[in-house]
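Let's have the full structure, built from the sequences with the hints guiding it.
Protein chains: 2
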Amino acid sequence: MIPKDHPRYKSLVTREHLADCARKGIVSWEGLTSHGRGEAFDYLLGEKTSESARQAEKAAAALLKTARHPVISVNGNTAALAAEGIAGLQKASGALVEVNLFHRKAERVQMIESLLREAGADVYSGDAERLLPLSHDRAWCRRDGMYSADVILVPLEDGDRCEVLVGMGKKVIAIDLNPLSRTAKTATLTVVDEVTRALPEIATAYTALSEKECQDIVRLLDNRVFLSEARNEMARRLCDVLD
Amino acid sequence: MIPKDHPRYKSLVTREHLADCARKGIVSWEGLTSHGRGEAFDYLLGEKTSESARQAEKAAAALLKTARHPVISVNGNTAALAAEGIAGLQKASGALVEVNLFHRKAERVQMIESLLREAGADVYSGDAERLLPLSHDRAWCRRDGMYSADVILVPLEDGDRCEVLVGMGKKVIAIDLNPLSRTAKTATLTVVDEVTRALPEIATAYTALSEKECQDIVRLLDNRVFLSEARNEMARRLCDVLD
Numbered sequence: 003m004i005p006k007d008h009p010r011y012k013s014l015v016t017r018e019h020l021a022d023c024a025r026k027g028i029v030s031w032e033g034l035t036s037h038g039r040g041e042a043f044d045y046l047l048g049e050k051t052s053e054s055a056r057q058a059e060k061a062a063a064a065l066l067k068t069a070r071h072p073v074i075s076v077n078g079n080t081a082a083l084a085a086e087g088i089a090g091l092q093k094a095s096g097a098l099v100e101v102n103l104f105h106r107k108a109e110r111v112q113m114i115e116s117l118l119r120e121a122g123a124d125v126y127s128g129d130a131e132r133l134l135p136l137s138h139d140r141a142w143c144r145r146d147g148m149y150s151a152d153v154i155l156v157p158l159e160d161g162d163r164c165e166v167l168v169g170m171g172k173k174v175i176a177i178d179l180n181p182l183s184r185t186a187k188t189a190t191l192t193v194v195d196e197v198t199r200a201l202p203e204i205a206t207a208y209t210a211l212s213e214k215e216c217q218d219i220v221r222l223l224d225n226r227v228f229l230s231e232a233r234n235e236m237a238r239r240l241c242d243v244l245d
Numbered sequence: 003m004i005p006k007d008h009p010r011y012k013s014l015v016t017r018e019h020l021a022d023c024a025r026k027g028i029v030s031w032e033g034l035t036s037h038g039r040g041e042a043f044d045y046l047l048g049e050k051t052s053e054s055a056r057q058a059e060k061a062a063a064a065l066l067k068t069a070r071h072p073v074i075s076v077n078g079n080t081a082a083l084a085a086e087g088i089a090g091l092q093k094a095s096g097a098l099v100e101v102n103l104f105h106r107k108a109e110r111v112q113m114i115e116s117l118l119r120e121a122g123a124d125v126y127s128g129d130a131e132r133l134l135p136l137s138h139d140r141a142w143c144r145r146d147g148m149y150s151a152d153v154i155l156v157p158l159e160d161g162d163r164c165e166v167l168v169g170m171g172k173k174v175i176a177i178d179l180n181p182l183s184r185t186a187k188t189a190t191l192t193v194v195d196e197v198t199r200a201l202p203e204i205a206t207a208y209t210a211l212s213e214k215e216c217q218d219i220v221r222l223l224d225n226r227v228f229l230s231e232a233r234n235e236m237a238r239r240l241c242d243v244l245d
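Residue numbers (this note's numbering), protein chains in the order written: chain A, 3 to 245; chain B, 3 to 245.
What the hints contain is simulated information worked out from the structure, not anything from laboratory work.
Honestly, I wouldn't trust all of these hints.
Note that the list lumps identical chains together, so a pair holds whenever it fits in one copy or between two copies.
Stated by the list, open to error - Derived DSS-like pairs (lysine-lysine); straight-line CA-CA distance at most 25 Å:
id : residue 1 : residue 2
1  : 12        : 187
2  : 107       : 26
3  : 50        : 6
4  : 6         : 187
Dropping the structure here:
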């Protein structure tokens with residue numbers, strides 16, 4: 003049992019929850035390590051949503067709202083950490099929710115879909131095909147789902163799929179705490195924020211923004227500015243914290 | 003299988019190795035997340051030993067060489083990642099190697115001790131007692147080992163034990179990639195470097211330094227300088243990398 007007064011209580015409880023999810027097979031072993039990476043970058047953000055992340059979350063809402071066929075791609079870590087956030091954003095936006103895994107097994111897909119459904123999400127499932135030009139399991143998706151999407155939200159992406167999706171002409175929104183990652187640099191828009199904080203912010207912005215505002219935000223979107231502000235925020239904290 | 007030309011090949015192979023060790027019970031589930039945290043900070047170091055880390059490694063060697071009773075404390079992650087490095091440093095320095103775990107089980111201790119012995123380390127085992135003023139399993143150590151040590155090297159420490167050891171009047175050398183961690187700030191000396199790079203550097207410095215040089219280095223040691231330089235190094239990389 004983790005004592006409630008431990009200075010890292012929330013972080014430790016989340017780790018234990020993820021370890022439980024790994025034991026059940028929802029989260030992969032590698033997913034635990036990825037989470038640790040994210041933790042470190044969130045630490046450098048002060049574990050709160052920065053002003054530039056809030057702007058990026060508005061931009062994410064604008065991209066989803068101006069989309070013809072928006073899809074939210076969910077992996078094990080996202081489902082384990084933020085099933086409610088996914089359900090909430092789906093309700094606000096009407097986007098399709100589709101499970102896409104690096105370590106794909108039929109039963110793992112089913113467990114994650116159940117977890118999302120229990121949280122209130124309407125999951126788009128059915129037969130997947132090998133449609134994306136990738137060598138690993140992430141190539142599997144649905145023709146009427148991710149394959150046809152014009153805008154895809156990929157929280158906690160950790161590979162080369164972002165590049166492939168952008169190469170297919172899709173607009174990709176990443177939620178990634180590492181502003182230096184390939185995903186962060188390749189995505190159309192990168193939200194540098196923790197996923198459980200980011201998803202409700204995107205949902206709220208989706209409801210608040212008018213169509214006109216969304217079009218303006220999308221027209222002016224420059225991901226390099228968001229990434230640069232996130233990096234500066236982290237650098238500031240590295241230098242300030244002990245001096 | 004991870005393709006050899008993957009830009010993150012080494013990092014992914016290490017992750018897989020740690021996941022294997024977790025399956026065997028050598029590494030704890032939480033240890034996988036801790037590793038991920040370290041990965042992120044190492045990324046910010048450019049995954050190489052900085053000049054200030056090299057100075058800290060010299061200082062670590064000096065502390066070990068001027069010690070009356072030096073002990074190297076080993077946990078699951080350290081054994082999984084760097085059993086050879088531990089064996090090499092022990093041979094160079096003659097320090098005691100003792101296993102100390104947060105998630106302690108007799109069979110886990112034995113597995114880790116075997117791993118270290120296979121790598122060539124002489125492991126100090128025997129009956130442990132609950133000797134450190136800590137509520138969790140890390141309290142267990144040997145009276146003639148860690149309990150009596152004047153200098154302790156703790157690679158990959160992740161808790162409050164560092165504070166307790168310092169409070170007992172011991173000099174603690176931490177190897178910790180996070181220059182902001184409680185361990186990093188509490189230790190007598192923090193080596194901000196990756197453990198497989200740090201251990202051979204400390205061993206080499208141990209052999210190269212004279213007694214007189216060691217005394218001078220120990221007298222002038224200021225951990226705040228090492229931490230500040232590590233933070234500046236990381237901040238610089240955050241700001242430079244994309245601009």
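If the cutoff is 25 Å on CA atoms, where do residue 6 and residue 187 land: within, between, both or neither? Let me know, please.
between (38 Å within a copy, 22 Å between copies)
At most 25 Å between C-alpha atoms: does residue 50 with residue 6 qualify within a copy, between copies, both, or neither?
within (20 Å within a copy, 37 Å between copies)
For residue 12 vs residue 187, is the C-alpha pair at or below 25 Å within one copy, between two copies, both, or neither?
between (29 Å within a copy, 21 Å between copies)
Taking 25 Å as the upper bound on the Cα-Cα distance, should residue 107 and residue 26 be classified as within, between, both, or neither?
both (13 Å within a copy, 22 Å between copies)
Checked against the numbered hints listed earlier, the structure breaks none of them; every hint is satisfied.
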